[in-house]
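Since the structure of chain A is already known, use the hints to place chains D and W on it.
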Amino acid sequence: MRQFLSVADVSDVSSIVQEALALKHAPHTHDKLGNHKTLGLLFFNASLRTRVSTQKAAQNLGMNVIVVNVGTESWKLEFGEGVVMEGDTVEHIKEGAAVLGQYCDILGVRAFAGLTDREMDYSENIMCKIIRYAGVPVLSLESATRHPLQSLTDLMTITELCQKPRPKVVLTWAPHPKALPQAVPNSFAEWMRCADVEFVITHPEGYELATEFAGDVPVLYNQDEALTGADFVYPKNWSSYRNYGAVLSQNRNWTLTAAKLLQTNAAKVLHCLPTRRNVEIADDVLDSPSSVVIQEAGNRVYAAQAVLKRMLETNF
Amino acid sequence: MRQFLSVADVSDVSSIVQEALALKHAPHTHDKLGNHKTLGLLFFNASLRTRVSTQKAAQNLGMNVIVVNVGTESWKLEFGEGVVMEGDTVEHIKEGAAVLGQYCDILGVRAFAGLTDREMDYSENIMCKIIRYAGVPVLSLESATRHPLQSLTDLMTITELCQKPRPKVVLTWAPHPKALPQAVPNSFAEWMRCADVEFVITHPEGYELATEFAGDVPVLYNQDEALTGADFVYPKNWSSYRNYGAVLSQNRNWTLTAAKLLQTNAAKVLHCLPTRRNVEIADDVLDSPSSVVIQEAGNRVYAAQAVLKRMLETNF
Amino acid sequence: MRQFLSVADVSDVSSIVQEALALKHAPHTHDKLGNHKTLGLLFFNASLRTRVSTQKAAQNLGMNVIVVNVGTESWKLEFGEGVVMEGDTVEHIKEGAAVLGQYCDILGVRAFAGLTDREMDYSENIMCKIIRYAGVPVLSLESATRHPLQSLTDLMTITELCQKPRPKVVLTWAPHPKALPQAVPNSFAEWMRCADVEFVITHPEGYELATEFAGDVPVLYNQDEALTGADFVYPKNWSSYRNYGAVLSQNRNWTLTAAKLLQTNAAKVLHCLPTRRNVEIADDVLDSPSSVVIQEAGNRVYAAQAVLKRMLETNF
Chain A
26 MRQFLSVADV
36 SDVSSIVQEA
46 LALKHAPHTH
56 DKLGNHKTLG
66 LLFFNASLRT
76 RVSTQKAAQN
86 LGMNVIVVNV
96 GTESWKLEFG
106 EGVVMEGDTV
116 EHIKEGAAVL
126 GQYCDILGVR
136 AFAGLTDREM
146 DYSENIMCKI
156 IRYAGVPVLS
166 LESATRHPLQ
176 SLTDLMTITE
186 LCQKPRPKVV
196 LTWAPHPKAL
206 PQAVPNSFAE
216 WMRCADVEFV
226 ITHPEGYELA
236 TEFAGDVPVL
246 YNQDEALTGA
256 DFVYPKNWSS
266 YRNYGAVLSQ
276 NRNWTLTAAK
286 LLQTNAAKVL
296 HCLPTRRNVE
306 IADDVLDSPS
316 SVVIQEAGNR
326 VYAAQAVLKR
336 MLETNF
Chain D
26 MRQFLSVADV
36 SDVSSIVQEA
46 LALKHAPHTH
56 DKLGNHKTLG
66 LLFFNASLRT
76 RVSTQKAAQN
86 LGMNVIVVNV
96 GTESWKLEFG
106 EGVVMEGDTV
116 EHIKEGAAVL
126 GQYCDILGVR
136 AFAGLTDREM
146 DYSENIMCKI
156 IRYAGVPVLS
166 LESATRHPLQ
176 SLTDLMTITE
186 LCQKPRPKVV
196 LTWAPHPKAL
206 PQAVPNSFAE
216 WMRCADVEFV
226 ITHPEGYELA
236 TEFAGDVPVL
246 YNQDEALTGA
256 DFVYPKNWSS
266 YRNYGAVLSQ
276 NRNWTLTAAK
286 LLQTNAAKVL
296 HCLPTRRNVE
306 IADDVLDSPS
316 SVVIQEAGNR
326 VYAAQAVLKR
336 MLETNF
Chain W
26 MRQFLSVADV
36 SDVSSIVQEA
46 LALKHAPHTH
56 DKLGNHKTLG
66 LLFFNASLRT
76 RVSTQKAAQN
86 LGMNVIVVNV
96 GTESWKLEFG
106 EGVVMEGDTV
116 EHIKEGAAVL
126 GQYCDILGVR
136 AFAGLTDREM
146 DYSENIMCKI
156 IRYAGVPVLS
166 LESATRHPLQ
176 SLTDLMTITE
186 LCQKPRPKVV
196 LTWAPHPKAL
206 PQAVPNSFAE
216 WMRCADVEFV
226 ITHPEGYELA
236 TEFAGDVPVL
246 YNQDEALTGA
256 DFVYPKNWSS
266 YRNYGAVLSQ
276 NRNWTLTAAK
286 LLQTNAAKVL
296 HCLPTRRNVE
306 IADDVLDSPS
316 SVVIQEAGNR
326 VYAAQAVLKR
336 MLETNF
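One line per chain: the protein sequences are A, D and W, in this order.
Take the working numbering: the final residue in the first sequence is number 341, and no numbers are missing along the way.
Take the working numbering: the final residue in the second sequence is number 341, and no numbers are missing along the way.
Take the working numbering: the final residue in the third sequence is number 341, and no numbers are missing along the way.
Extracted from the complex, chain A is given alone in its bound form (with noise of 0.2 Å):
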């Protein structure tokens, strides 16, 4: 794997997510794998899970870490082509990504959709840009329209807890005070579509994904109808992609809570995390046996540790 950064990456969906969970097991044995080499982590925008996951799992293989905040550590980029730089933006990423690159073997990035200019977002310019001149493999931590540590994650924690062949998989959008970017769901439904299971994607009409990620994928606008017999369920908001960047409805009937799921198949609740409670999803949801969402968050490491596994043998 030259790099990771959607699902096109990793030509064996099935056997990376039997390595990552395998390497739950015994995280510790190829910590000299990665000896000598080192990973850059560079956040555009705020991260939790991803920033200490990532770092874990890097330590496991026994990788050197180095963290990069732009913006508070670091100087404010520039992406534009031709810019007279006589603003505000202070090196250009053709600096900067090259830079980096030459300090990294591996290089983590972080960069959130600017959810303005639709084009721009769905072209992935500021992760092309850093792949283009940084000149080293290149781990997305979540881009302007994919999350693939996040995918494959969750697709091990799908093959981690299911009792029975081709589970019913749900992707369900839920509400939220502010307008998200639709990286989770997006690279969601296109981690779901190389998996043997029964995926449906159900939403308020105008939520509608781009048709790259959401394919033929079964779309239904009643939530119950879709929720019915589900084993996992994905509850997440995004805003629209038609009217891009739109946030469409607040409507609470969306937020997923127990008393939904009564007409699931007793299914496990997924998400990426953070999630807005009593939002997004209530308490009663949560609190409950039915989420899954720490396991999930748990799983992250060894999700970022199978890539970067495999990154370290196929680059070096």
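Because the hints were derived from the structure by calculation, they are not lab data.
None of these values were measured; they are calculated from a predicted model.
All C-beta atoms, glycine included, are put in the ideal place defined by N, C-alpha and C.
Worth double-checking, as some hints may not be accurate.
[Said to hold, decoys possible] Partial pick of chain A residues on the chain W-facing surface, computed with a CB cut under 8 Å: (1) Leu58; (2) His61; (3) Thr63; (4) Gly87; (5) Ile91; (6) Glu98; (7) Ser99; (8) Gly107; (9) Val108; (10) Glu111; (11) Glu120; (12) Ala123.
Structure of chains D and W alone, referenced to chain A:
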């Protein structure tokens, strides 16, 4: 030692002091003890000594350390029960703590008192919630009402410097431009009551510490009287407990000066730092051999190391 | 080498350059030298290259690294003598530096010029106080008047790329929207004067560097004349030393362009980075093979590693 939140977590105060002093002379004796163990350090507030000395202590024991600064690097946390999270908090402590518990073998936490709601602060609301939800041993890096790593260091420094049995130790209030928590004096009082010292507290009326911390320690409102014959003096500001969070006095007569030390038994001066020069303590004290604040700060490493060593030995 | 603050700390400039070049080809040769030694990195200002390259250099030598960002992570520091600290500074540098000296075996410090008080900046007020109070060897990560790790890297890069004896090296002023310190040009001049090069400085009138740095280096006010036959060109903005901190010119005729390079001897272009594209240096230079700024940035690791190696060998 399962956790380290107060002196009550130490069964044998004098023996952990001796252990810290021994580690000072041989800091690398146990440099494999923490291998493959991760210490997470979660800061809700600024830190210099605690941040660096605890990292160094963990590294001396061979642990990995991951630092998380809440707010600047990570998400703003919600502590309220049953809150509908439609405001500016992004993640609930229930998830935040539980997730860190997935990644860290020991979790260090700094969370100062808010000084507006006494009941909330003195219930140790934040620390208790983190302990409850993290599910891993917690190390206090200063909580709303206590700073036990500092107090252990203080006692270690008194022991290291002490020339005689049962020295007289005086905790004296000192002025400060801002309202500060009672954590340091509370904790110092609690630890001194477990030590073989003659302990006296002096402050202006209205600055009485909570009874659970001060117990029946003699309190004098006359600083000169308290300082007479002192072997160790700990000048420190705190805000009022009774009139919670209030600054009742800015009286510079309480600033510790070299002239005041003349009535002591050539007392050594302790302080947790940072200190406001010429407000809490005069230059002529801090710049004189009477001050042992730098040696004391250096001892923070070995106090933290003794505590982490015990936590590693007990929990794993 | 006890400390590293300027070229004056290096007894043999050409041999440390050779040592850095050798480390570039075998960076892990001394990976136990720094075991059980801690490098503290104290940042008063933003940093990308210095932050990451110095961490990596220390890791290559087996050192532990602890980073402290003043202001965001730690306390605001006071530098004044005899100040009554009732304002917004929380800790005096006397304590701050001395405490870090307790925890770190070597202390790296970045503290830019304030550009308002020339005497204060040129006395190296902050750096000198830290050296005085820390009590451990100090490594400059850029001070008010010098950036010696950058200058060593610059000379290393010139040596690495040089095809002939005594190349012509031109430091040329270039425009910039903000007032910048003189640290980089000062330091570059100081190092070039110790190297076997033909060194020329060019800038608009009023931008003369302090004599202690520029010495009797030829200064030309005509950029074209200076660039003629140059083998290496270092375009860099700085504010006025004479009219301290002033931006006397925004003249874009001084921007380094590909057209201007035509009059050189196919010069290689150096820069410390970050640079404002199309203000300091045109895209047609930075995006061409003339630019060696990325290779130069990569060399920062080995310059820092050569310095740290010598400091470890001398002090421990």
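Check your understanding: So which of the earlier hints does this model not fit?
Key -> The structure conflicts with hints 1 and 4, although it agrees with all the remaining ones.
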